[in-house]
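Visitor: Residue numbers (the numbering used here), protein chains in the order written: chain P, 1 to 492; chain Z, 1001 to 1485.
Derived from the structure by calculation, the hints contain no laboratory data. For each residue, glycine too, the CB sits at the ideal point set by N, CA and C. Careful: at least some of the hints might be erroneous.
[To be verified] Just so you have them, the derived chain P footprint on chain Z, three or more residues with Cβ under 8 Å: (1) 1057-1071; (2) 1131-1138; (3) 1142-1155; (4) 1170-1176; (5) 1183-1190.
[As the list claims (entries may be wrong)] Now the in silico label distances, taken between C-beta atoms and shown as ranges: (6) Z:ALA1012 / P:LEU376: 15 to 25 Å; (7) Z:ASN1105 / P:LEU376: 27 to 37 Å; (8) Z:GLY1204 / P:PHE476: 33 to 43 Å.
[As the list claims (entries may be wrong)] Some chain P residues close to chain Z (C-beta under 7 Å, calculated; not the full set): (9) VAL218; (10) GLY421; (11) LEU439; (12) ILE468; (13) LEU472.
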Amino acid sequence: MIRAQLPALVVVVPLLAAPVIVLARRAGVAWALALAASWASFAIAIALFLEVRSAGVVSYAMGSWPPPWGIEYRVDALGAFVLVLVAGTGAVVAPYMRRSVAAEVPGERLYLFYAMYMLCLSGLLGIAATGDAFNLFVFLEISSLATYVLIALGRDRRSLLAAFQYLIMGTIGATFYVIGVGLLYLMTGTLNIADMAARLPAVAEPRPLYAAAAFIAVGISLKLALFPLHFWLPNAYTYAPSAVTAFLAATATKVSVYVLLRYFFSVFDASPAFADVPFGPALLALSAIAIVTASLVAVYQPDMKRMLAYSSVAQIGYITLGIAMFNKAGLTGSIVHLFNHGVTKGALFLLLGGVAMRAGRASFDALAGLGRAMPLTSFGIVIGGLSLIGIPSTAGFVSKWYLVLGAIERGEWWLVVLVVGSSLIAVAYVWRFVEAAYLQAPGPASPRPGEAPLALLVPAWLLVAACIWFGLSTSFNVGSAASAAALLLGPQ
Amino acid sequence: MSPQAAIVLALAIPFAGAIGIALCHRAPNLRETVTLAAAVGMFLVVLSLVGPVLEGSRPALFLFEALPGVGIAFRVEPLGMLFALVASGLWIVNSIYSIGYMRGNREEHQTRYYVCFALALAFTMGIAFAGNLLTLFLFYEGLTLITYPLVTHHGDDEARRGGRTYLGVLLTTSIVLLLTGIVVTWAVARTIDFAPGGILGDAGLTNAALAGLLALYMFGIGKAALMPFHRWLPAAMVAPTPVSALLHAVAVVKAGVFAVVKVIVYVFGVEPIAGLASVDWLPVVAGFTILAASVVALRADNLKRRLAYSTVSQLSYVVMAAALLTPLTVIGAVLHIAAHAFGKITLFFAAGAIYTAAHKTEVSQLDGIGRRMPWTLGAFAIGALSMIGLPPAAGFVSKWYMLAGAMAIDHWPAVAVIVASTLLNAGYFVPIVYRAFLRPPPAGEAHGEAPWTMVVAMVATAALTVAMFFYADVPLALARGVAGG
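Model the full assembly from the supplied sequences, consistent with the hints where possible.
Guide: Right, here's the structure in full:
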């Protein structure tokens, strides 16, 4: 039965596409293969999502070795939701890549670009699909190594430095993660995450567990760019090729959040040793600082891509804030924001890619008068911006609604003030775009009138439409997030 | 036509109109015809709802579920009915006026102007008919955003500054305070539907929590311009005058006080909170705004600025009257939404006519202008009469109910505020009329009346102002429906 193979297929299809692409070499063929593989992955992810919704957890024993001895792929409500986000973004970005990447990456390296993109996609999907702690590390490294290459392929030479920075930070993060997993393996004798959770309460000595949790927390926080471990992100996002930025912004950090949720709610939560470890307050404080400082820094960036990168650091702060609230509304807000922010930032970076293609860059002096020169692109950016602020009828509003609700349920008013007050800083940075695009006359750096090609506009506007769709019709995103949150918090 | 279809059409017609206007951007006459057709169509549709609502039916329409348990839903009750009626009716008049103003002043980007205007009216209908707080908030924010291009229409530095204040104050208050209020309401009551008698009755809020929640709403609804969140309104005066007239005397500001009354009547409920010590700060703040804004208006020489502060003051009448929490003052509040709309749009129309015909913006320049523009200044005088609250103008009716209500509950400070502000209103409107008609005009002026479309519009709204004094039956019946009397 093909349905039983879905958890493996979703990862294997893009993974196998990578070597085929290298063999094919021709840029057009490479792109077509990548497109086919990412659409296939998306279809499989949707099938898997439906399967999980009807059947609960879907488990797949790799090579028919039963868990906990073999590698188990285990997809639950949270994993399926993340898989849909990652594969969906991949499916939207792939058609965008042909024109955009051809304009930014040298022709003879295009097939390598697509091969790396496939590896990155399959790595990120693998993280969300696997139920094995070490296998997760392998996928983490696959996606990370592919990401370094993708960033380094940016046309600005500073992309090399950005990739190197990320390589150092990412490697430290992955190493920390694997040290943590090693300690857990020592204490429990298993690498299967579900099995680990079952055996953890029996571990008498808490100290190695604390060390494991600390290593995993710091390692994953590096990957998800939690303040103050976010320094690699702005450069990486700014100098990577436009399509890569959009893809990473929508998926990479989100998958890392998934890992954090998986460990802290499915594994460590099971052990009584963690009952009085103040992870929550620490995460809360860091999230709050991330939201405020990164938003403020974003306001003063001269380049829009960089501004949105800092905005991402702040928005990740909202996601971790919801986790730290540790109640159903907050966690729902966190998971739904993981999705909503992915869609929003994906749309914004794709649209900016169109600007970069027409104007050569996305600095604010190039954006002057953009409302006239590229009306559809500008209007799309405004809608994405409204979603970042959290204006009702956009996806961002839904996230904010749940985060505020979570804060009220905790009875902590400063959190309410933080969440709604920080939206105002988002107003400030989104407004910079509006003033540049609509109220300034075109300058010497502005592009000549003319829209981005349809191959760029259509995928970007698909995501813009999704920003509004998921703000008005929330049964998919809120429904999935709520069931994932219920699953993580367990019967209370 | 079923009432549900009427609700949909009231929103859909201006939307379709906006598309039609955009498509006709090369043919100005056709474009303006589309605007007028949409305005008339919308008014007729809204009018068709009046009968059923007066008979006691409450047409409702549930579109879809936006958040679990909360949908985008509409429900037409008397208060929204009156607001929709006033806004849609005045859109027709304002469109006629706009044609004269925009052409007379050779404004640019006229298509964008008419498109945004039509969309603003669509959002206004959404506010008027909203069945719950989420729907109200959705259209409230939409109205803020869609009116921004209208405020910054001229695109110069002054417009940009004004637009920044406009957006800054309105978005800040709504995102930080109003949204929080709505989420808190949802958290404690598990519903945010508007219901007669309020929805917080069983929530068991303490007095302090109730006072805090009320403050979140009252200051969060920045469009009601309660001090200290009133600055956006004078800042918005950089807009072309028809925008100030319909949006910043009728649609936008009335959306604010409409939301205030709606929240007090249908979220808190008049009965449950009447007499509570935790809510008696609100008449004080509103009373202060009434007097302070009047004092500022007294000192303003720029005509539009004077009118803007007069609006700030008049809006707080509505807030104060609603906050006194008796049926009579609630009737007064509801009536004042309509009465002030008619009077103030007349005043703004006159200010725009003076600017178009004579290019004068300051009060001190208006010596003897009434002799050259008798229709304009005649209409202005009637509008001023209504602001002061003298018969035979609409303002008298609403003030009468407010005074009667305040006296009935022995709220003498409110009575004193109304009396004092009446004197202040007279203090800043009578000199204008005096100057225009009785001072000799400066030599060497050769302008006549404004374009005829503007004069027609002005006379129409002035006539409405007087008509509401003599024929207040429908507004009064609707207001009684709100107050439950």
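Visitor: A separate judgement is required for each hint: does it hold in the structure or not?
Guide: Structure-based check of all given hints:
1. 1057-1071: holds (count 5)
2. 1131-1138: Holds, because 3 residues of the stretch 1131-1138 of chain Z bring their Cβ atoms closer than 8 Å to Cβ atoms of chain P.
3. 1142-1155: It holds: at least three residues are needed, and the stretch 1142-1155 of chain Z offers 5 whose Cβ sits within less than 8 Å of chain P.
4. 1170-1176: holds (count 4)
5. 1183-1190: Since three or more residues must qualify, the claim that chain P covers the stretch 1183-1190 of chain Z holds, with 4 doing so at under 8 Å.
6. Z:ALA1012 / P:LEU376: 15 to 25 Å: The hint (15 to 25 Å, Cβ to Cβ) holds, given that ALA1012 (chain Z) and LEU376 (chain P) are roughly 24 Å apart.
7. Z:ASN1105 / P:LEU376: 27 to 37 Å: Roughly 31 Å apart at Cβ, these two residues keep to the hinted range, so it holds.
8. Z:GLY1204 / P:PHE476: 33 to 43 Å: 35 Å Cβ-Cβ, so the 33 to 43 Å window holds.
9. VAL218: This hint is violated: VAL218 (chain P) lies away from chain Z, its Cβ roughly 34 Å from the closest one there, beyond 7 Å.
10. GLY421: holds, 6 Å
11. LEU439: holds, 5 Å
12. ILE468: Violated, about 11 Å.
13. LEU472: holds, 6 Å
The structure fails hints 9 and 12 (numbered hints given earlier, in ascending order).
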